[in-house]
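2 protein chains.
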Amino acid sequence: MFERQWWLSLVFFAMFFTGCDQTKKVKWTIQSPDTNISLSFEVNEQGLYYQAAYKEQQVVSPSKLGFLLTDMPAMKEGFQVLDYSLKSVDETWELPWGEKREIQNNYSELIVELKETEGLYRQLNLVFRVFNDGIGFRYIFPEQQNLTDFIIADELTEINLTADYDSWSVQAYQPDRYEYLYEKHRLSELKDTVHTPLTMVNKSNGLALSVHEANLTDYASMTLYTEGSTKLKCDLVPWANGVKVYAKTPFDTPWRTIQIADKATELITSDLILNLNEPCQLDDIDWIKPAKYIGIWWEMHIDKSTWGPGPRHGANTANVKKYMDFAADNGFQGVLVEGWNEGWDGPWWQNGDVFSFTKPYPDFDIAEITTYGQSKGVGLIGHHETGAGVSNYESQLDDAMAFYNQHGVAYVKTGYVNGEGMNKKEWHHSQYGVRHYRKVAEVAAKNKIMICAHEPIKATGIRRTFPNMMTREGARGQEFNAWGPDGGNPPNHEPTLVFTRMLAGPMDFTPGIFDISLPSKANNQVNTTLAKQLALYVTLYSPLQMAADLPENYENQPAFQFIKDVVVDWDDTKALNGEVGEFVTIARKDRNSENWFLGSLTNEKSRDLHIDLSFLDKGKKYKAEIYADGVDAHFKKNPLSINIYNRLVTSETAMDIYLAEGGGAAIFFKLIED
Amino acid sequence: MFERQWWLSLVFFAMFFTGCDQTKKVKWTIQSPDTNISLSFEVNEQGLYYQAAYKEQQVVSPSKLGFLLTDMPAMKEGFQVLDYSLKSVDETWELPWGEKREIQNNYSELIVELKETEGLYRQLNLVFRVFNDGIGFRYIFPEQQNLTDFIIADELTEINLTADYDSWSVQAYQPDRYEYLYEKHRLSELKDTVHTPLTMVNKSNGLALSVHEANLTDYASMTLYTEGSTKLKCDLVPWANGVKVYAKTPFDTPWRTIQIADKATELITSDLILNLNEPCQLDDIDWIKPAKYIGIWWEMHIDKSTWGPGPRHGANTANVKKYMDFAADNGFQGVLVEGWNEGWDGPWWQNGDVFSFTKPYPDFDIAEITTYGQSKGVGLIGHHETGAGVSNYESQLDDAMAFYNQHGVAYVKTGYVNGEGMNKKEWHHSQYGVRHYRKVAEVAAKNKIMICAHEPIKATGIRRTFPNMMTREGARGQEFNAWGPDGGNPPNHEPTLVFTRMLAGPMDFTPGIFDISLPSKANNQVNTTLAKQLALYVTLYSPLQMAADLPENYENQPAFQFIKDVVVDWDDTKALNGEVGEFVTIARKDRNSENWFLGSLTNEKSRDLHIDLSFLDKGKKYKAEIYADGVDAHFKKNPLSINIYNRLVTSETAMDIYLAEGGGAAIFFKLIED
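In order, the protein sequence lines correspond to chains A and Y.
Its first residue numbered 244, the first sequence is counted upward by one per residue in this note's numbering.
Its first residue numbered 244, the second sequence is counted upward by one per residue in this note's numbering.
Incorrect hints may appear among the rest.
Identical copies carry no separate label here, and so any pair may be met within one copy or between two of them.
Stated by the list, open to error - When the alpha-carbon atoms are kept at most 25 Å apart in a straight line, the in silico DMTMM-like pairs for lysine to aspartate or glutamate are as follows:
no., residue 1, residue 2
1, Lys863, Asp812
2, Lys861, Asp875
3, Lys861, Asp815
4, Lys864, Asp875
Hints are computed from structural coordinates only; laboratory data are not their basis.
Chain A with its partners taken away, still in its complex shape (with noise of 0.2 Å):
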């Protein structure tokens, strides 16, 4: 099987010499597994060119390599081989929890060596892979007499695409990192420097890639532009003083990727970023487990409580102590509670020099509190806002979280609220950025505490390696329906977040909002109908998922028993349908058990959605618990119309869904025991 492939994906390799002496062009091409794709590197005068096609037709057509460096040449020209090595990989892994438990790593690589050659004879290594779903290279600077400590002023690399997709995007360089809605633009109309993952679509043939990045370890973020054409290019985010990124070899990029499909919905099952980054490199990892939670956290952003002390602070003992109950009835692990150190008087997220991760306020008394819920089962969910004020949280870090762990604290909520950048001046998606959350990560886990952070860099499949940092924010979440700009998140956005942000990785976008019309707040609702936000817990993976309500707004709904029933850790994942923005419907079949799930959700359309149940397991039956729209459903006008109803089913069943305007729907399919 190996050699095979092997043979299979090594489809030519020509050395040209051309001219006269030392003038040459070198060119190798790899194919996919499958065949499907194809990737040629050039080497040759002019410099390092890549190229890809799909299906035989080409979707990059030859696009440069290279770094500009800072106080020396560039490095992206001049180049004689060295060596270069093909091989073919087919193997499984498992991945601790996530979205499916079996992960096949299967792709045909090329590792060319470079040398200068001239002047100060350089080495620049470039690895290519290419699986079925896509493509990922990276640089690699080994080590080097030449080449020690160095400055990376500019990455070179381009995307040079063949047609000019419609793309969907968040505009990099904003106070609010990620947060903002995605803008649908033709690539050649793209105005701004946008974040990755960047999700395009062709319109004339529905072929679908996003490019990305994996592996995102000490090294700038990549952000892309294009200056009007349909060629992206690499913009990495500069530190304060202007440097993209400090080097040393040996050194290696992270991956610069972009999957191919035919269609949207197949990049929502790509596992393309996750093989790409390194294996888990914590020795013992049973303590990290997927759950569900509640938090003191809603009533702040519907103003019921305040984060900060006074006479309606959130986090005192009697409140959680009542979340703790609510969560033990219902069979929720956590209670996440907010506010409850010191340093969020007036306006907090200015406070980043202030906050105290280990001094709670006087009236959260966090011993008392963990007895309770430990007596309960169910654990404290720490938090840590930094407001962004890294130097004095990474002053604290051990402490910090030596101090959770004595409270038997698994999981820590980590956010970084500042408009100004980290310490008011560094981008959070910067080297700086990159460095401290991943430092984050490993001095939690060492304190074999799990994180959801918020505010975070952007995912690029790092929770492979440290399977603690286990999701994040990162996107407009549901906090912005409470008091967002414009009354909220649009019913797009959900449909939009599945094939943009969920690309990169989980996202604790904390679903289930039931009051939804949500009185104290004038000119805001939930965006929604109830149905949706049932779907969300389906559809926005997440191992850490909130019921972000108050518990007295889950009190005799049929509804809840959905939230109850979902589970947060999957065995598998299928997209069944979907176009970007419009709508999609993802069924995952639970990790301990052989039920499945399913969420499909829409935009500001209603539909009539036909959908088969051949996903379900042969031969089985099911009873599927089914919450759906009412015909008289409308996410502004009758957001909380719901059918709740069961039936039979097996894989041979097909269903009619209606999704309401702003709609959607949640199916939990219970295996039926003979």
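Could you slot chain Y onto chain A? The hints should help.
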């Protein structure tokens, strides 16, 4: 049109002169308007015979007609033909309330006038009508010199069937009138004399028959027996003195009817019985209105209160007002109150000579109650329990109806509970009973009172002539679930009723019990699912339809919405599927809107039904509000498991409906106005 049908329907008329003078055999054959049914009547030396065929297969082989008279020679042979006439009718008339608005009366008719050839020269005429859905015939005794007052000792009518049908019947001559479970027997194995309607199905081809009578006026009820054959013979229910019928010329018998259909569901929508009744005899019928009601009734059945006076007397003013409040809040037009009047002390069914129909118990202030009800738009529904003391009742009848009329009571439920018969001697179904029930309808009409008769004479279509004769019991109703033997009505009871009892006319079954487990009853429960209780409102037609449970059992019950929505007067009715005693689905269109309702129910077997909604009006959209059994519903184990949901449908939609064991489904198709 008229002329054409006339000729089509008359197929054959032959007169054979055989052998010597005066010996003759005369035979007529007429056909139904669609020519499917042909009926022949023959006068020959042996007597009077008719036979019938359906689609060219003989269904009734030659069957005898005639009478035995008391103290006179029989009238069964020795006739000559005086005259005959033939005609064809196609007219449409309107039911003031009912299962449909317009009824087509389309038949071919043969009238043969006979006279004895010797002796008393008595005259006897026969009228035959052949409809597309069956045949009817009656005997007419014209005014004549030698036959004035006479006594019928036996009616010799036979129905000599050509196959050994499965039949479903209730044994006649039992103390509790019709209130027995229907028994299924081959005709040849029918041991008992049974009531009509007698429903029969030919197992080999599905052909369905119902033998009954129409317009039972001043005559004895017809019952049937087979004596081990497939020949049904008429047995008239006698007076206590053995007389069958006291008659006086001119005199017509009721119509003997044989409904014929390709399948049993077609019997459900046959109008033959109504077509063979006389048009409305009341001048003003504006006051006659179908209604939904509740009542102080079930609480006595489940031993919460008592009919008789005492500390738990149900019919007290405060309790009635409480029910009236609930009725007003939920759109019910009336509140039935039983046990309000003197006579209920002790074993009240023995108090036939005691009941007063104008003397309320002291705790029942009828003036206060009816005034209160009027202020809320809710009527008191009166009650006359006679204990079958018919003499006592008739002696008070004018006063009793006037009393209620004076208090604005528009509906009266009557009752005739007594195992020993009327006045402890007469059968309810005797000519005595028939006369009494008719008298009550007439006196009630004079007082603008509508009647709901319990322990009634069977329905034979009199509601056409007296539209104030709204509904009646005449079978085991819901009450048997509360205290009936063997734990109540088994699940096959209702899908049997639809094809048997219901062919006679509306039934006051009293559906809508939500507290199905009946905690106060150790050995009984309601043997249906909750959804099946709702389905009864559509499947068991009554123009007076009760929500039988206690008001408190409807509180906070989402399923109660269907009872509030369902109507009781229909523009049209479709029987969509079904088999006797197995399952049935009926759709009906509201007479006062464009909405439709559907009810479906099953016996102890669960079923998946695929229902084509082509009955819905073309080009219209409906919100289908569906109340269906949960997947894990079961009439014994889990009766309350119900799915309540809605979907958008049109006449193009097909729906899959699951009926649980002992389950059902109810759907409200609400027109969506554009």
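Handout entry: Hint check against the structure, violated hint numbers in rising order
Key = When the structure is compared with the hints, none of them turns out to be violated.
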